[in-house]
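Novice: Below are the chains, spelled out letter by letter.
Protein chains: 2
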Amino acid sequence: MLKEQLDKIMCPRTVAVIGASAKEHTIGSELMKRLTGYKFTGKIYPVNPKGGIIEGLQAYPTVLDVPDEIDLAFIVVNAKFVLQTIDQCYEKGIKGLCIVSAGFKETGKEGAELERQMKEKCEQYGMRVVGPNCMGVVNSHPDYNLDGTFAETLPERGHIGFVSQSGALGGGILNILKDLNLGFAQFISIGNQMDINAETALEYWENEDDVKQILLYMESISNPSNFRKLASRISKKKPVLALKSGRSAAGASAASSHTGSLAGADKAANALLTQSGVIREYSLKNLFATAKVFSNCPIPKGNRVAIITNSGGPGIMATDAICEYGMQMAQISDKTRETLRSFLPSAASVKNPIDMIASAPLDHYKQTLTTVIADENVDMIMVIYLPFLGLKDIDVANAIMEIKAQHPEKPVIGVFMTKNEFFTQISDMEVNMPFFMYAEEAAEGFMRLDQQRRWIERPEGKIPCYDVDKERAERIIRTAIKDGREQLTTLESIDVLNAYGIRACKYGLATNEQEVVDLGNQIGYPVVMKMTSKTTSHKTDVGGVRVNIQSEEQLREEYRDLLAKLTEKGLIDGLEGVIIQEMVKGSREMVCGIATDPQYGPMMMFGLGGVFIEVMKDVCFRIAPLTDIDAMDMIKSVKAYKLLEGARGTKPANIEQIQETLLRLSQLVKDFSFIDELDINPLLISEKTGEGIAVDGRIKVRMKEALNTLHVECDCHCC
Amino acid sequence: MLKEQLDKIMCPRTVAVIGASAKEHTIGSELMKRLTGYKFTGKIYPVNPKGGIIEGLQAYPTVLDVPDEIDLAFIVVNAKFVLQTIDQCYEKGIKGLCIVSAGFKETGKEGAELERQMKEKCEQYGMRVVGPNCMGVVNSHPDYNLDGTFAETLPERGHIGFVSQSGALGGGILNILKDLNLGFAQFISIGNQMDINAETALEYWENEDDVKQILLYMESISNPSNFRKLASRISKKKPVLALKSGRSAAGASAASSHTGSLAGADKAANALLTQSGVIREYSLKNLFATAKVFSNCPIPKGNRVAIITNSGGPGIMATDAICEYGMQMAQISDKTRETLRSFLPSAASVKNPIDMIASAPLDHYKQTLTTVIADENVDMIMVIYLPFLGLKDIDVANAIMEIKAQHPEKPVIGVFMTKNEFFTQISDMEVNMPFFMYAEEAAEGFMRLDQQRRWIERPEGKIPCYDVDKERAERIIRTAIKDGREQLTTLESIDVLNAYGIRACKYGLATNEQEVVDLGNQIGYPVVMKMTSKTTSHKTDVGGVRVNIQSEEQLREEYRDLLAKLTEKGLIDGLEGVIIQEMVKGSREMVCGIATDPQYGPMMMFGLGGVFIEVMKDVCFRIAPLTDIDAMDMIKSVKAYKLLEGARGTKPANIEQIQETLLRLSQLVKDFSFIDELDINPLLISEKTGEGIAVDGRIKVRMKEALNTLHVECDCHCC
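One line per chain: the protein sequences are A and B, in this order.
Letter by letter, the first sequence follows residues 2 to 720 in our numbering.
Letter by letter, the second sequence follows residues 2 to 720 in our numbering.
Don't read these hints as lab results, they were simulated from the structure.
A hint or two may mislead.
SDA-like mimics (lysine to any residue), calculated; alpha carbons at most 25 Å apart, straight line [unchecked claim]:
#, chain 1, residue 1, chain 2, residue 2
1, B, Lys238, B, Glu339
2, A, Lys9, A, Thr275
3, B, Lys213, B, Thr425
4, A, Lys671, A, Thr275
5, A, Lys122, A, Pro143
6, A, Lys93, A, Lys110
7, A, Lys96, A, Gly112
8, B, Lys40, A, Phe389
9, B, Lys110, A, Glu688
10, B, Lys652, B, Thr710
11, A, Lys618, B, Lys652
12, B, Lys213, B, Met402
13, A, Lys689, B, Glu615
14, A, Lys179, A, Pro143
15, A, Lys230, A, Leu3
16, A, Lys179, B, Lys652
17, B, Lys81, A, Leu390
18, B, Lys566, A, Glu558
19, A, Lys640, B, Glu325
20, A, Lys637, A, Leu576
21, B, Lys44, B, Glu107
22, B, Lys566, B, Ser552
23, B, Lys393, B, Met434
24, A, Lys24, B, Leu392
25, B, Lys643, A, Ala406
26, A, Lys81, B, Ser350
27, A, Lys643, B, Thr425
28, B, Lys286, A, Gln329
29, B, Lys286, A, Met330
30, A, Lys179, B, Asp672
31, B, Lys286, A, Thr425
32, B, Lys531, A, Glu688
33, B, Lys96, B, Ser223
34, B, Lys471, B, Lys420
35, B, Lys81, A, Ala348
36, A, Lys471, A, Glu431
37, B, Lys286, A, Asn297
38, B, Lys586, A, Thr425
A quick note: this is a predicted structure, and the numbers were derived from the prediction, not measured.
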């Protein structure tokens with residue numbers, strides 16, 4: 002269905018250019034020049050009310066006059082004529098539009114209204130639309146040779162699918178593709194993404210063999226959960242790379258919880274991309290460098306890199322980069338070393354990095370690579386070349402490409418610190434490996450290849466469904482919102498956690514000695530006793546907090562002593578009761594919680610808690626719902642994981658139980674989607690059992706949504 | 002003196018090439034070709050035993066046959082003839098050598114011995130030497146036109162001084178200079194740096210006006226303290242950029258202290274470069290990008306950046322990059338905004354980033370830059386250009402350079418996402434600003450300019466000299482080493498700290514009730530009492546630790562109770578006494594200490610202590626001795642500084658006192674340079690006073706060195 006629809010746009014047999022023009026430097030003229038110049042294999046029908054000849058083709062006054070069926074219409078007319086043009090297209094039976102014209106949502110209110118009408122019309126007419134306010138589309142496959150853009154240069158043929166949310170940027174990229182040594186299979190400038198967006202393109206390209214990797218430039222994500230569903234599936238089949246901009250602009254909204262204040266839209270975007278297996282790049286430069294690597298390298302079997310060089314300094318720098326990007330320096334086998342030793346001079350080093358020394362002739366490059374590429378301890382190879390008397394860069398490149406061709410399974414990257422001429426020369430050739438100027442670029446490339454390998458190997462993960470007491474949780478929340486409280490009390494919050502099987506610190510409120518003792522016995526010793534009073538806020542100062550109470554007897558004593566002390570000080574009247582609380586011993590304070598992003602929805606946080614939370618910011622976010630694998634990734638990705646493993650003689654934490662805590666929280670926010678913020682801080686790691694225990698908890702809901710969802714009428718008369 | 006000596010090498014009037022050759026692809030031939038090809042302004046005398054004509058010049062059998070005085074001799078003969086060649090040079094009265102020949106230290110033991118002899122000879126003869134095993138020297142000043150290398154390409158003229166420790170790398174760089182849009186004033190390939198090294202070059206270039214910035218590629222630093230002295234002075238006059246490689250190879254040595262285990266050679270190198278005002282780059286790519294920025298930009302007055310763009314997407318990406326590199330987005334003044342509004346279309350955005358929209362004609366670029374560059378709220382400007390119908394990149398570049406020329410005080414960087422052709426074109430022109438393809442490169446450039454600004458503005462700093470009880474510290478150390486203990490006891494360590502005026506937790510050992518009470522009274526309450534016993538290791542389990550003792554009376558009670566409990570349990574015999582210790586209340590645990598790097602000497606550490614030290618690694622290193630500014634930099638550069646400032650309602654720490662603690666420690670290791678490791682962990686921040694108090698301390702010395710320095714004979718018979 003989607004394929005059939007988008008094929009009309011991306012693989013058309015006939016196109017109309019409504020607004021085609023013979024006037025130089027207009028979009029209507031440039032677009033015609035690209036279509037004809039790139040030798041579109043189908044038929045092109047220019048449409049212009051004045052008729053005439055445009056790029057050697059007869060122009061028709063209206064699209065209705067075209068004596069042929071039209072698959073795709075480019076619309077390049079002034080915004081005010083677009084609606085009537087769409088009507089004509091409908092009359093003509095056209096199903097695919099690419100609206101290049103600007104003057105819609107991007108210009109303000111009036112334009113937005115026009116776009117809304119246009120959208121309605123196109124939906125009604127069953128048309129699929131690229132744009133408006135876009136740069137056009139490209140399909141470089143020789144069956145089509147479609148360049149429907151107005152970029153200055155004709156596209157390079159290749160196997161990348163590229164979606165750009167910025168029109169000018171897309172055009173800029175098309176112009177420099179050749180310099181970048183990259184080629185596109187298909188390109189869609191989605192513009193205002195009135196209809197077709199990044200997700201549409203992802204889905205369309207999923208089974209399109211000509212598109213071997215997908216690149217996205219995004220400023221926003223239309224439908225995060227749909228994006229996640231699609232991207233996490235498709236990224237297992239082909240690499241999906243994204244440049245998501247607008248990081249700094251996204252100021253975190255004023256939030257009352259820790260989780261909320263550490264969150265923010267970019268954290269959400271990052272979580273979403275990570276969970277979806279999308280490789281996120283932070284600059285166009287890196288995006289293209291990575292694309293170049295995926296264009297010319299297979300996915301490796303592991304992360305062990307061998308470096309072959311004719312110069313020591315760059316070998317050292319390459320080693321630094323390999324290690325810093327988290328790769329392993331391969332342990333060259335003894336056999337490989339012996340072979341290398343047999344032909345390399347004595348001053349050469351046959352340990353990794355393999356330094357053949359500056360005078361290495363072409364033959365040493367060949368023999369060394371042939372030997373090393375066959376070594377089973379080596380997954381990827383960097384070949385470094387620095388000019389030396391008489392040895393030509395292009396000869397070295399050709400020699401290593403010849404050897405590489407016999408080992409299609411191992412990525413090889415060339416680092417050639419030589420003149421631009423070489424790179425220009427290479428960009429005109431068929432290559433089977435990428436070449437860069439600097440070792441750091443190659444190292445980053447290896448890192449990305451390895452990231453993709455790990456993603457492919459990563460199990461799918463499951464979203465478990467635990468047996469929880471949903472009704473009880475609902476009752477507690479219902480009570481709170483009926484009171485007009487969007488913020489649950491600590492006791493309520495802990496109760497909700499308990500209802501969801503989350504290990505929380507046991508406690509209760511007692512107002513007389515019998516209740517105190519009953520609670521103590523029920524919770525089990527040791528316990529903590531804390532007074533609650535309307536009049537005394539500094540509990541500790543008046544002896545109102547008693548810790549480490551070991552027995553019923555001691556509890557009784559402490560309670561009596563408290564009453565006596567308060568009476569003595571004249572403070573007894575304010576006393577509401579005492580909280581008897583399980584005493585959890587542990588020095589490791591973690592945090593977990595939920596924050597809600599207006600666009601991405603609820604997201605989970607896990608990390609180092611206590612006083613360090615906002616100083617260290619050692620936390621990790623993922624969009625809910627979590628799979629078991631997501632939850633484990635979160636736990637392992639914070640630095641504080643070392644503390645959980647049992648650094649410095651502490652008991653290893655129960656990682657599975659912490660994972661389950663996160664998964665149960667995820668289930669909670671799935672069930673009650675109006676939970677706005679939730680903080681468990683600290684999630685104390687019990688020194689005795691290694692469990693993570695919620696010692697404090699707070700839950701905040703979005704009042705209106707909660708009232709609606711639970712069909713509650715609030716008593717507070719304020720909502 | 003140094004100038005006179007190095008002028009012989011870098012600014013010679015006459016050069017001899019000993020080992021000159023007419024045979025193609027030999028170094029002796031290539032070097033002659035460079036010298037003549039670059040049109041050396043002095044005289045060239047090829048020397049070859051066979052005589053003959055080389056590059057049109059008559060060759061002499063030996064240097065002694067040359068009928069002229071020689072300033073600089075290049076030596077290109079086989080290693081085994083080098084010694085006798087040096088003798089001949091001496092006889093000829095030559096004072097400057099550039100030994101290109103390889104086959105010395107880099108090849109192993111024999112070569113090292115040969116180099117040693119060579120060094121001895123040259124020192125004896127009063128010669129200054131570049132090399133051996135090097136690529137040669139360059140001075141592009143038109144008074145000299147000296148290209149004494151064998152790189153493939155002739156050097157570009159410019160104002161960079163470049164020192165390369167890797168010969169092949171230096172050659173590689175010379176080859177690609179033009180592509181990089183960079184020019185060198187002088188280049189020295191120091192090779193095995195037998196005599197002349199990076200420090201020599203720094204000092205020589207300090208007052209050399211033709212050298213406007215200094216670039217160093219280093220694998221090691223010969224004399225760190227001399228480097229620091231020179232670089233910190235010279236970097237205030239001109240930017241000094243360094244690429245220091247070998248980061249990963251430097252495995253931290255097995256160390257027993259925290260400070261030691263977190264240290265390592267690269268931490269030391271990093272500290273040294275930071276303290277010296279050297280801008281450290283981590284890749285050649287970044288090194289050259291930064292050099293390009295310094296070549297064409299003044300030092301700005303602040304860090305407020307304005308962005309002018311004709312495309313929204315790149316504007317957003319640029320904003321992201323500016324913020325991430327720690328710059329400020331300039332607040333454009335109202336007046337500027339009004340002016341911009343007067344000529345830009347309504348769809349344009351006149352807030353920073355200023356988006357002139359895609360259709361911006363050349364004139365809008367001109368008017369916008371003219372307006373923005375005059376705004377006092379703007380310190381630096383990024384001008385972004387993406388190709389749009391009919392607007393030529395080179396026209397935009399020329400227009401903005403013209404405006405920039407009228408504002409020499411403000412850095413402007415162009416981000417032109419256009420074809421390589423443009424950059425090739427620009428590299429052949431005189432430019433007054435740098436151009437890059439991507440916004441991130443420009444942002445990084447601004448960041449480096451700002452870093453240099455802050456360094457220039459940074460006060461020199463003083464190394465204070467406190468009034469300390471050095472003799473007492475020496476006595477304590479003497480006692481320990483006399484016992485054969487390289488590790489001081491905690492009590493001894495604390496005593497040494499006390500002697501140096503470092504605020505340490507007060508405590509003492511008592512063996513009877515009277516001593517207990519005396520100590521308690523002396524220290525002041527509250528105190529902690531801890532038993533020390535030969536037989537009981539788990540003090541807490543037997544009630545052997547009593548905290549928060551508030552009075553003499555309570556102390557007496559607790560002591561008696563302890564004795565009673567131990568007697569009861571039959572553990573009284575093992576009791577050695579009790580430690581009475583000041584009770585410091587505080588939740589913030591910092592760490593400070595000293596570690597020694599075999600090459601860089603003692604270095605100081607400061608950071609977050611306690612259980613987080615090795616998990617969070619939130620620590621900062623500086624080489625000793627510290628200036629007051631260094632110490633403050635250390636404190637402010639760790640994340641935990643926020644905790645010290647008083648996050649979450651805690652009392653702000655006494656920063657000056659912590660600074661003084663670091664400075665006193667620095668003085669300690671200056672006075673006792675054999676201190677190998679010192680740990681104060683935790684340095685507890687008192688909740689009462691905000692002071693940092695050493696609650697635990699350990700000092701370890703290098704035994705042999707300590708014995709020698711203090712003239713002690715050890716009693717242990719093991720040393």
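Novice: The structure should be examined with respect to each hint, and the outcome stated for every one.
Specialist: Now for the hints, and whether the structure bears them out:
{"no.": "1", "hint": "Lys238(B) to Glu339(B)", "result": "40 Å, violated"}
{"no.": "2", "hint": "Lys9(A) to Thr275(A)", "result": "33 Å, violated"}
{"no.": "3", "hint": "Lys213(B) to Thr425(B)", "result": "24 Å, holds"}
{"no.": "4", "hint": "Lys671(A) to Thr275(A)", "result": "20 Å, holds"}
{"no.": "5", "hint": "Lys122(A) to Pro143(A)", "result": "34 Å, violated"}
{"no.": "6", "hint": "Lys93(A) to Lys110(A)", "result": "31 Å, violated"}
{"no.": "7", "hint": "Lys96(A) to Gly112(A)", "result": "24 Å, holds"}
{"no.": "8", "hint": "Lys40(B) to Phe389(A)", "result": "23 Å, holds"}
{"no.": "9", "hint": "Lys110(B) to Glu688(A)", "result": "57 Å, violated"}
{"no.": "10", "hint": "Lys652(B) to Thr710(B)", "result": "43 Å, violated"}
{"no.": "11", "hint": "Lys618(A) to Lys652(B)", "result": "21 Å, holds"}
{"no.": "12", "hint": "Lys213(B) to Met402(B)", "result": "21 Å, holds"}
{"no.": "13", "hint": "Lys689(A) to Glu615(B)", "result": "23 Å, holds"}
{"no.": "14", "hint": "Lys179(A) to Pro143(A)", "result": "18 Å, holds"}
{"no.": "15", "hint": "Lys230(A) to Leu3(A)", "result": "16 Å, holds"}
{"no.": "16", "hint": "Lys179(A) to Lys652(B)", "result": "60 Å, violated"}
{"no.": "17", "hint": "Lys81(B) to Leu390(A)", "result": "22 Å, holds"}
{"no.": "18", "hint": "Lys566(B) to Glu558(A)", "result": "23 Å, holds"}
{"no.": "19", "hint": "Lys640(A) to Glu325(B)", "result": "22 Å, holds"}
{"no.": "20", "hint": "Lys637(A) to Leu576(A)", "result": "45 Å, violated"}
{"no.": "21", "hint": "Lys44(B) to Glu107(B)", "result": "32 Å, violated"}
{"no.": "22", "hint": "Lys566(B) to Ser552(B)", "result": "21 Å, holds"}
{"no.": "23", "hint": "Lys393(B) to Met434(B)", "result": "18 Å, holds"}
{"no.": "24", "hint": "Lys24(A) to Leu392(B)", "result": "16 Å, holds"}
{"no.": "25", "hint": "Lys643(B) to Ala406(A)", "result": "56 Å, violated"}
{"no.": "26", "hint": "Lys81(A) to Ser350(B)", "result": "23 Å, holds"}
{"no.": "27", "hint": "Lys643(A) to Thr425(B)", "result": "51 Å, violated"}
{"no.": "28", "hint": "Lys286(B) to Gln329(A)", "result": "23 Å, holds"}
{"no.": "29", "hint": "Lys286(B) to Met330(A)", "result": "22 Å, holds"}
{"no.": "30", "hint": "Lys179(A) to Asp672(B)", "result": "63 Å, violated"}
{"no.": "31", "hint": "Lys286(B) to Thr425(A)", "result": "19 Å, holds"}
{"no.": "32", "hint": "Lys531(B) to Glu688(A)", "result": "23 Å, holds"}
{"no.": "33", "hint": "Lys96(B) to Ser223(B)", "result": "23 Å, holds"}
{"no.": "34", "hint": "Lys471(B) to Lys420(B)", "result": "67 Å, violated"}
{"no.": "35", "hint": "Lys81(B) to Ala348(A)", "result": "16 Å, holds"}
{"no.": "36", "hint": "Lys471(A) to Glu431(A)", "result": "62 Å, violated"}
{"no.": "37", "hint": "Lys286(B) to Asn297(A)", "result": "22 Å, holds"}
{"no.": "38", "hint": "Lys586(B) to Thr425(A)", "result": "68 Å, violated"}
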